[in-house]
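Assemble the whole structure, with the sequences as input and the hints as a guide.
So the protein sequences, as listed, match chains A and B. Every letter in the first sequence is one number past the one before it in UniProt numbering, and letter 155, counting from 1, is 155. Every letter in the second sequence is one number past the one before it in UniProt numbering, and letter 144, counting from 1, is 144.
If you are wondering where the hints come from, they were derived from the structure by calculation, not from laboratory data. Quantities reported herein were computed from a predicted structural model and do not represent experimental measurements. Honestly, I wouldn't trust all of these hints.
[Unchecked claim] Only part of the chain B face toward chain A is listed, based on derived beta-carbon distances under 7 Å:
hint: 1; residue: Cys109
hint: 2; residue: His117
hint: 3; residue: Glu119
hint: 4; residue: Gln121
hint: 5; residue: Pro142
hint: 6; residue: Ser145
Beta carbons are placed, not taken as given, at the ideal position from N, Cα and C, and that holds for glycine.
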Amino acid sequence: MSTPPKITVATTWLDGCSGCHMSFLDMDERLIELVQQVDIVYSPLVDTKTLPDHVDVGILEGSISSEDDLEKAHAFRKHCKILVSLGDCAVNGNVPAMRNHFKLADVVDRAYRDTVTFQPQTPTQGVPALLAVVKPIHGVVGVDVFVPGCPPSADAIWYVLSELIAGRIPEPSAVTRFGA
Amino acid sequence: MPLPAKQPNVRVVTLNIDGRDLSAREDETIIEVCRENQIPIPSLCYLEGLSVWGACRLCLVELSGQGRLLAACSTRVTEGMQIQTNTEKLQRYRRTIVELLFAERNHVCSVCVSNGHCELQHMAQKCGVDHVRVPYRQASYPVDSSHEMFRLDHDRCILCTRCVRVCDEIEGAHTWDVMGRGSDCRVITDMAQPWGESDTCTSCGKCVQVCPTGALVKQGTSVGEMVKDQHFLPILARRRHSQ
Ligand code: SF4
Ligand code: SF4
Ligand code: SF4
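Laid out in structure tokens, this is it:
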């Protein structure tokens, strides 16, 4: 019996807390089963530095908050056949988007000046410029699968990946919801 | 608007809902007949025991021979009606309605006191709303924490007016009202004064219990703790209206 070919998966985090990736790891021993069927070709969890040209499934955590997020989202859309928006930050902006009600300059001042005692200054080097408005992933690129939840449970992520591996498009509403 | 009193001698009509032949009293609404017969109809502004408002439009149904969709809560049954409650078209419309509710205000469920006990959140899941296709309005709304027991967060309000109706029709205080138009609409206490300064509020908490979302909550409850109890409503409503 021949084993079915593995699918390639790339993941990254944009403006999120990385909790969605932690939930991914919460699959525990099922991860062993998963590596038989999936090749993680790019992710904060592995050492690869560049996104391959052709990836079957791209998974994005977090919302679009900076120039860097924007670039990564475009790159993922370009190179991934199926793009998954993982978690409330990716799906609806969630906590990062709560800054949308303030002027960007005020937000930056709050973080780097108002609350700092010694040498308050705004970093300009080595950090990407923030965008004025935080958007969900599908606010800037097309998304194929939405998995709400903060974070979506390991079971929900397992279900989504299993369906994608089987060549089906999952319907995550059965297993997760906003705020889950 | 008080509930219309049920007539003692009303005729019985027969109608068909989703292929089932049913009979109902002539003075009943479609949603009442559906609830009696375990036919699920989604709704947010409708609540048994309160007057009919017809604002959320989630209870839309299709009537054969009519191009226009009807709100099941505010349409009385008539003889021979042929009703569909769950067509693809209705599902599509309901999905869009829920998405628009999410886009209008700032529902950040993960940091909402009602997370896990919210009718809007459950509705989204039931209708398959896994994302919102229209851009978020991103308008800023205030929070009123001036009441010593309760809190009002306009970001979570869907303008169902359940609070307005329960306070007026069941408690009899009429502390709540609605101000403004369109997306600027807002629920207010008294003449738009802080809730904590209200002369009319009796602090009975009925509005908090009937609020479907995290817009009205008890102070001091943390995320996911705000469980609402609406069992009192039909009982009190029956006593009120039978007087
Ligand atoms: S959805 Fe929740 S868990 Fe996931 S990145 Fe955002 S804040 Fe973290
Ligand atoms: S009121 Fe409901 S839908 Fe709105 S944020 Fe809270 S849990 Fe989510
Ligand atoms: S505060 Fe609650 S009950 Fe009142 S209109 Fe808003 S959502 Fe409805």
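Right, here's what the structure says about each hint:
no., hint, verdict
1, Cys109, "holds, 3 Å"
2, His117, "violated, 11 Å"
3, Glu119, "violated, 12 Å"
4, Gln121, "holds, 6 Å"
5, Pro142, "violated, 11 Å"
6, Ser145, "violated, 17 Å"
Against the hints set out earlier in the document, violations occur for numbers 2, 3, 5, 6.
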